[in-house]
Amino acid sequence: MTLELVHDADAAPAAPTAKVHGEALAELPADLYIPPDALEVFLEAFEGPLDLLLYLIRKANLDVLDIPMAELTRQYLDYVEVMRHRNLELAAEYLVMAAMLMEIKSRMLLPRPRLAGEEEAEDPRAELVRRLLEYERIKAAAQKLDEMPQAGRDFLRVEVWVEETLAKRLPRVRAEDLAAAWRGLLRQARVRQHHRVTREELSVREHMSRMLRALADGAFREFTTLFDPARGVAVLVVTFLALLELTREALVEVTQAEPFAPIYVRRTGEPEVAAA
Amino acid sequence: MLSPNEVKTVLEAALLASGVPLTIADLRRLFDDEVGGDTIRRLLDELREAWAGRGVELVNLASGWRFQTRPEFQRYLERVNPEKPPKYSRAVLETLAIIAYKQPVTRGDIEDIRGVTVAPTVIKALEARGWIDVVAHREAPGRPALYGTTRAFLDDLGLRSLDELPPIDDLVASLDLAAPPADAAPALDGTSPADASPPAEPQAAAA
Amino acid sequence: MLSPNEVKTVLEAALLASGVPLTIADLRRLFDDEVGGDTIRRLLDELREAWAGRGVELVNLASGWRFQTRPEFQRYLERVNPEKPPKYSRAVLETLAIIAYKQPVTRGDIEDIRGVTVAPTVIKALEARGWIDVVAHREAPGRPALYGTTRAFLDDLGLRSLDELPPIDDLVASLDLAAPPADAAPALDGTSPADASPPAEPQAAAA
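Residue numbers (the working numbering), protein chains in the order written: chain B, 56 to 331; chain D, -18 to 188; chain E, -18 to 188.
Simulated pairs of lysine to aspartate or glutamate, EDC-like, Cα-Cα distance not exceeding 16 Å:
no., chain 1, residue 1, chain 2, residue 2
1, E, K65, B, D201
2, D, K68, B, E231
3, E, K68, B, D201
4, D, K68, B, D232
5, B, K199, E, D144
6, B, K199, E, E145
7, E, K68, B, E202
Short, incomplete list of chain B residues facing chain D, as computed with Cβ under 8 Å:
no., residue
8, L211
9, V213
10, V215
11, V217
12, A230
13, E231
14, A234
15, G239
16, L267
Here are the computed distance ranges between Cβ atoms for each label pair:
no., chain 1, residue 1, chain 2, residue 2, range
17, D, R29, B, R229, 37 to 45 Å
18, E, A100, D, A6, 39 to 47 Å
19, B, E231, E, E59, 51 to 59 Å
20, D, E53, E, T4, 23 to 31 Å
21, E, T4, B, L132, 55 to 63 Å
22, D, E(-13), E, K65, 18 to 26 Å
23, B, M155, E, L143, 30 to 38 Å
24, D, S(-16), E, N(-14), 24 to 32 Å
25, D, E(-13), B, Q205, 23 to 31 Å
26, E, A109, B, K199, 16 to 24 Å
27, D, T20, B, K114, 50 to 58 Å
Keep in mind that the hints were calculated from the coordinates and are not lab data. Here a beta-carbon is modelled for each residue, glycine too, at the ideal position from N, C-alpha and C.
Excised from the complex, chain B in its bound form (with noise of 0.2 Å):
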């Protein structure tokens, strides 16, 4: 059985850590000889029976490739007849692994039959040398990938408070939201009445909307103040149908002292006193 010394420090295992009396310990003793105190925190430091063997090969500087199965195997079985007898509960796997050792070292002493036009025999070590170099590499990923920065731990997420208090959240409402609303309307009703809206109407309403307003203050209005000629014949004749439409429905009264006199318009009814 080769030894070779292949690793350097730098392949040397994260060393467990304990604090025996008081005394921070670096890592196992050379003996395994284990204070009882520092035992169950040893235990828990490995991970499982790979991460002790991991930890026995590199610590004794074994080829991982071509481990001494006695060495290793002893080895392992002293460290878990340590544990048993501090009465540690034993995990079922390391007892699992101690079975598997045993089995390649005696497969080992065995002669390899070699049949013919066949490669070389499988080395007994290989699946258990497959494991432990697999979960080698992902112990080291998992310390690089944990050296990473990570958010919230080595930088923080920026996000800025958003000011809504000035421009408040409100429900948006298109103009076709309007036309649906209507049409559902319509749909409802199957309608009473004949709500034929033209969009000429629509000028004549807002036109009136637009001329109480414009009377709020339920003063006397000179008609032609009512009129802005600048805004074109249409327009003339849709605020003219608007006051008219004002007056059928008596929210306007038009006064005319006599004929040719000025004619006025006023709101009907009480001025806006509660629109303050």
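Mind docking chains D and E on chain B? Use the hints.
The following block gives chains D and E in isolation, referenced to the frame of chain B:
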């Protein structure tokens, strides 16, 4: 020891990353209290000036300093905000539609068209939004308020005038409602008394 | 129409205000899609440069762009921000590494690699952090859940994709541990020594 510029960089990073306002005492802790409160205050003022004209500003609140977006940028930000904007209920939308298309109308008119009572909260919601207001009172028992839409309503909907509301006469046609009943009355006549009452006394108007 | 500088100001405000990374599509919505993706990308690069040397940086992550503090400033920031994410045990970290590098994997696969049972709390801790989730179920007895890492995992580690994880192959270059096809029954051959890929011949490792 950090230079004033380095201190400023740390202050900026801390304030940008903090979800809550930070007091001067908090900010001093960034430097293990090795930078004085006055220095920090001065650097905060410099920072505030440096951020002028950006979409985010540094403000001094009762509870400390914090970065916050300027309200003017809210309209952009809410477009990416996954949060759903609130929606008006059907009652509010229908009421608004009736006021928009049939103004000026009273609450009674709206109820006639909708066939249900209109809760005062519905009208209030639209008034609070500044989209409708009382344009007059109808000369009828109880002198009900007549509602119309406002300039703000047109602005908020991106319309120049009510003409730009989607026409709905073609809709009526599509619903086979084109042929009006022979005695078709204007939609709102139900509540509108045929005989107009005489005008009221002119009175001082409320501003 | 906004000028490029105005667009940049809005982009900056939106990114500073967003707790989650924003994609180019998200950012285009800021402007109702009226600014092209290329323009936005260019302005983001300008912004990133403008922030060079500050305590906060603009980064491009798996799920989009985000502002975050630079790790060099963490030692200051953690003095006012004592809240820290959990420090994970080796069991959690190794489980995470297996899922990250070998996904998708079942709990059984993880146990095969680590050689010990994986406590449910370990999986739960990673799920609670939002770093892993169930991506599918393997067609095998019991239909075990297959775990994979999430975008949040990449975001939290400042990565754009899994390719940017640190390579670990150089560690054991001599061994071919290439994962078997994903649909092969056990993703990790630990459970089936029979058809495991042949381990490398014992080689003299250079000291």
